[in-house]
Each structure stands twice: as structure tokens, then as C-alpha cells.
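Undergrad: The lines below spell out each chain.
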Amino acid sequence: MTALIVFAQVEPATAVDKFADATASGLALGAIYALLALGLVLIYKATQVLNFAHGALAALGAYFAAYFVVTLNFPGRYLEAVPLTMQWALSALFAVVLTAAVGYLVERLTIQPMIGEPLFAVVMITIALDIIIRTLTNDLIGQATRSLASPWGTDVVDFGAVTIAKTEIATIVVTLVTLALVAWFFRTRIGVAMRATAFDQEAAMAQGINAGRIFAIAWMIGAGLAALGGIFSSLFPRSGGVTVDQTAFFAFRALPAVIIGGLDSISGAVLGGFIVGLAEVYAGAYLIGETWSFLGVGFSRIWPYLVMMIVLLVRPYGLFGTEEIRRV
Amino acid sequence: MRGRPHLYVSYEAEQALVPTWTQRIGIVVLVVFLAVLIPLQVVPGLKFLGDSDWMTLLGLVAIFAIGALGLHILSGLGGQVSLGHAFFMGLGAYTAAVLGGESGSSLFGMGLPIWVWLPAAGVVAAIAGALVAPTAVRVRGIYLAIVTLGLVFIGEWLFINLGRVTGGSQSGRRFPDLELRMWGEEGEPLLDFTSDGKWFGVELTGEVKTYLLLLALVIIFAVLAKNIQRTRVGRAFMAIRDRDVAAEVMGVAEAKNKAIAFAISSFYAGVCGALWAAFIGRLIPEGFSLFLSVQFLAILLIGGLGTVTGTLLGAAFVTLLPRIVEDFTELLGSTAEGGGLFAPIADLFVATGLEDGGLISTLPGTSPGLTIFQMNLILYGLLLVVFLIFEPLGLFGIWIRIKNYWKSWPFTY
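Chains as they are written, first to last, in my numbering: chain U, 1 to 328; chain D, 329 to 741.
Check each hint, because a few of them may be wrong.
Each pair of labels, with its calculated beta carbon distance range [as the list claims (entries may be wrong)]:
1. Glu117(U) to Ala363(D): 34 to 40 Å
2. Ile730(D) to Leu109(U): 24 to 30 Å
3. Leu140(U) to Arg492(D): 40 to 46 Å
4. Ile353(D) to Leu105(U): 47 to 53 Å
5. Leu710(D) to Glu324(U): 30 to 36 Å
6. Leu105(U) to Arg492(D): 48 to 54 Å
7. Phe528(D) to Trp292(U): 57 to 63 Å
8. Thr188(U) to Lys735(D): 54 to 60 Å
9. Thr740(D) to Leu140(U): 45 to 51 Å
10. Ile288(U) to Gly609(D): 48 to 54 Å
11. Leu105(U) to Glu531(D): 55 to 61 Å
12. Ile353(D) to Leu140(U): 51 to 57 Å
13. Glu117(U) to Ile353(D): 35 to 41 Å
These are calculated hints, taken from the structure and not from any lab test.
This one's a predicted model, so the numbers in the text were calculated from it and none came from an experiment.
Backbone N, C-alpha and C define an ideal beta-carbon position, used for all residues, glycine too.
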């Protein structure tokens, strides 16, 4: 389903080269997981809801991007003079903003009424949302795969030992910029309010923070990050275009990243994303051949879940998660 | 205590399986209706339920009810959110396939009779559930949901790669037939649940026979689930669900009881998976996907979490929903085309031609609007959202509300 398009490359000369190559693509993959995991953790931290509809939102965002870039050529058609990369980035930005608006709507309509309900019910709501959004996106996309027509195409950069696609470099750069933006956001007034709400909701409300608004903002940012992850997971080395199943599967593999890092830890999510990305690529690169044939096909894709279970056996709240204090 | 049904004078009376005479009579009437009146097609207006396609659907309801009862024990009673039900169903199905299926050039199969493979499917799944439990009891809430979600993905990988057992990703395999044999004898089986024939002098179709078998099984499993609820173990589950620390303080062994809940739930799932696979006949390994697990959670929530009656209602509702949507769309389509007073209204909702706009499309393949399948999925999701927001107790809650209204009728309270 999510067949990685493998580079037509010669076998790297040395073990070091092979390792460097795998590390580079692992980091690029990890960056996508980190983006998706970041959105999940942000929503969870602020609202105590794990968003199972993240994959659907990611696919929707990627579809919006494809629609803006290819179908509408918006805002590119008004900005002929601007370089192509810039036009594409603006379209992607619009897609992210639109998805954030969808996230806001979803929160207001379905999550807001559920505040205070048991965890089971809220999880189920997001699963139901996943089904709805995914089906609608599927219908919007139609039968064919939608191309994102990225300005980098299938170009690769050759660093000698390491061959890396330009889109992968873009992914890493965008992830780093996003992380910086999120870090900056937490220092703004709203960001501080969000941290306060996450820390102690009642105390925050007593200080005059509108918790409901904070929830909505968290969902907006989370959905925006999902769209960003969705867009970059639909680019060249991962896929030929936007399909719902593929993007949704990406989001499901971001779940182990979130758990490994700890559900309520932002830095944990980013680290978890990179751990999962690297683990997946290393498994794909090294656990092949005669010796490992018993692992069969698709092992690199479920391997993150095994890593997650091992981590949970040792640390039930992930690497950086806060232990829940249980009271009678 | 006639006339005062809620006055209990002993603990036994309060814990009784069916405490009141109304319920006892009601259950007998319901069983007679399901087991005799529907297959014989004697109820006016409901004769269509005895048709082959409806019998198949009702059989499916019974199968899903068994699986949902299993999840009811784990999630409804034990309070543990599990998304791994599909994995245990898969284990049960493939145990059944290995023990009861026919062996081929590239497939394992031992051809044992149903009384071996059906219980074995449950037992193997239960053992797997008990093995998973040590990891599962360490984590709680969302963490548990994701661990069990991981199980589904790991299971899918396992099933795809165990080609000798599952037939592999593309082709799948045939599952054993629903028939009762003593032990590998040739020729006609003792009881055949799939082909037409006479039972007790009544000519029955294969679908009806399968339905009757599944109905009997679902009754057994429902009574079993209800009884588990009334035992020491069942009360321990509920204590853990309501407040785990408090339960532990009072001497309820948390880890042990959670493991038992996982094992029992997996047993049900295994049996359900084996029956489902045998019922469908042929399945690919990807059939045991996350969506299947979600479907069981949906059954629980739509029916009403924590009650056997609600679980059964939910199973019927969720399984029959696609058919109802399909029939309704067909009705809309024929109304739109047939003309008359309601034609314009129906035409708004349904797209009957390529150029015609509308929400749902009756045309196959690429066309404007959503296909019936997509409409089903969306309705399914919407129903879940609506139920969770407006009626958290589900169909059972609605039933209780109706009951309470009539209890004091014509007074408001």
C-alpha cells in the first residue's frame, strides 16, 4: 500500500556509506513523523484528546494543496513574477490554513460538547471523524492519484556517499522551521495561556484564560501541522501523489512516535518521530537478505510498533511522558 | 412481590438473570419469534426477513453479536479500551482454518470437525490474549488503545507473511464449512448447516439453517456473558472499571483480573472470527483490519456501553445499517425517476444520471456524488458522533427512557 519508491542506486561502496545514506533518509522520514507527532501531542497536551482523525486531516490537507497547486494554480496565477518554489510554498500554506480552519470547525462541533466525557467516548468520536473525513477526502480525490507538482520534482542532490532527494532536504528544513515557530509560539501570550491550561486547567481558568478558546487554537494548530505532514508525505521519495490510504497510514505510524516519546511531551514527540523514522529505514536497509527472510514483507513498517511495545514495557508512559498520579 | 417489580427481598432475587415475569415472557416471545416465526415466514409484514438475503444478514448480526459480547466484557465491564479485537478474530479464524480446513499443495489443513475447531479457535485466541495481557495491564487509557492498535498492524503483517496458513495476501484461503461430523467420516455429514434440506420435517434453505445455528450460539454466548457479569470475576471487572486504585485497595487483584478479562474477551473474538470466516467462506488476511476493530467499538457505543442487551441491539443496528441505507437509496432513486409528488425532493438527494447533481449516486463506478458505500461510511461516522454527543447510553439508553416514560404514564413522574 505504501510502497516506498526506491532509488535506482548502486549499492554503496562501504558500510559507512551505506549507514550514512540510511541515516539521511531516516532523518527525512523522521521529520515527517515528527511533524505529525507534534500535532498529535499539541492537541493531546491542551485537550487530553488523542486525535485519531489526524491521518484523515493530513490527507485532506494534502488534497487541498494539490487542489490549490494543480487545479486552481492559486495564488500562483496572480504571482507570475514570483519564483516557482515560492508559488508552491504559498499554495501549500493556504492548504495548511484551510485545514486548520477545518480543525477549528471539527473541534467546535464535536469535541467541545464532549468535554468531561469519558476517554472511551472521545476516542471514539475522533475515530468516527476519521471515517467521515477520510471518506469525503476519498471522494474528493477520486480514482486517480493527485499530483502535488512540487517544484523539486524528482531531483536529487549527490553528496558523494549520500544521495538525498531535494524534497527530503525541504522536508527537514520545513520541520526545523516549524519546530522553531512552535517554540516561539509557546512564548507568546496565547502560547503561555496554552501551557498554563495544559498544566492545570482550573487554575488557568481562574486566571481568566478562556480554556475553550485554547482548545480550539490547539486543534487549529494540530490540524495545520497534520496538513503539513500530509503534504510532505505525499512528495517524491515517499509517494507519487496524494492518496488517502497512504497518508492515513503515515499518521498511524506517527502514533508509535508519540507513544515512544510520551504522549504529553513535545520534545519527546519530535525525538520519537526521528527514532521511528530511523528505525524504519534501518530495518529496511539492514534486515534484508537470506538471514532475515523469515521476517517477510512489510516488517520495516510494523517494526516501530514493536519498538513502542518494548519501550512501554520498560517505561509505561514513554520516554518523557509524565506519570499519571492515580488517586482513589 | 407482584406489582412491585423493583422490591427485592433477597440478594439472589436482585442478581437473578431475568428478575421479572414480564422479562421472562418477553424473552421467550423474542426467542420464538427469532427462531421459529422468522424462518417460517408467518408474521405478516415481516415475511421478507425469512428471505435468503435477510437470513444471511441476520446470521451476520449473530456473528458480530458474539464478537461484540467479547469486547463488552473487556471494555464495557472491564473499562479497557481495546482496538485489537480484529487481531484476536484473525487468530481464531486461522486456527479454525488450520484445524478444520482442507489441506492443499501450499496450505495447512487438518480437516477436523467443527466441535474441535470452533472451541480451539476460542482457546488459541484466549491464550494469545493472556500472553498480551502482561504488556497491556502495565499501560492504561490511551496508551492501551495504541498498544492494541499496534497488535492489529502486527497481526496483519503476521497473517500476510504466514502464507502456508492464510493463503497469502492476494488469494486468501477457504475456511472450513459449517457442518457437524463425528470424526473425518466420508460422505454426508451428521448435520449440514449450509445446504437446503429437511429439519424436523420442515423444508429449510441453507441460509436458514446457518442462521439457526448462529442464533443458538449467540444465545449461549449472551447468557454466558450475562452470567460472567454476575460472578465474582465480573464484579471485579466492574470494580476495576469504576476506580482501579479503589478496587486494588479493597483486594481486587488488578493485573490478574485484567488478564482474565483479556483472555475471556479474546475467546469470544476467536470464536467470532472463526464463525465469520467460515460464514463468508473465503477471506484475505487484510480482512482483519483496524476497521473491523472500530466496528466492534461502534457496536458497543451505539448499543450502550456496559449492557448485554445494548450490545445485542448495537450489533443488529450496525450490521443492518448498510442494508437499510442501500434500500433507502434505491427507494429515493425510484421515487426520483418515477415522478409524482415527492420526485423533486428525492431528486435533490440522489444523482440518477451523469449530469444530475445529488448527494448519493445510484450509478456504479465514477459518477457525481457519493457512492452508496461511501454514504454508508459517512452515515456510520455521523451516527457515532450523534450518539456519543446526544445519547451516550446508546440504544439501551433510549429503551430505558421509553420504559420510564410508560412506567408512570399518564403522569409525568
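Undergrad: Hint numbers the structure violates, sorted upward?
TA: 10
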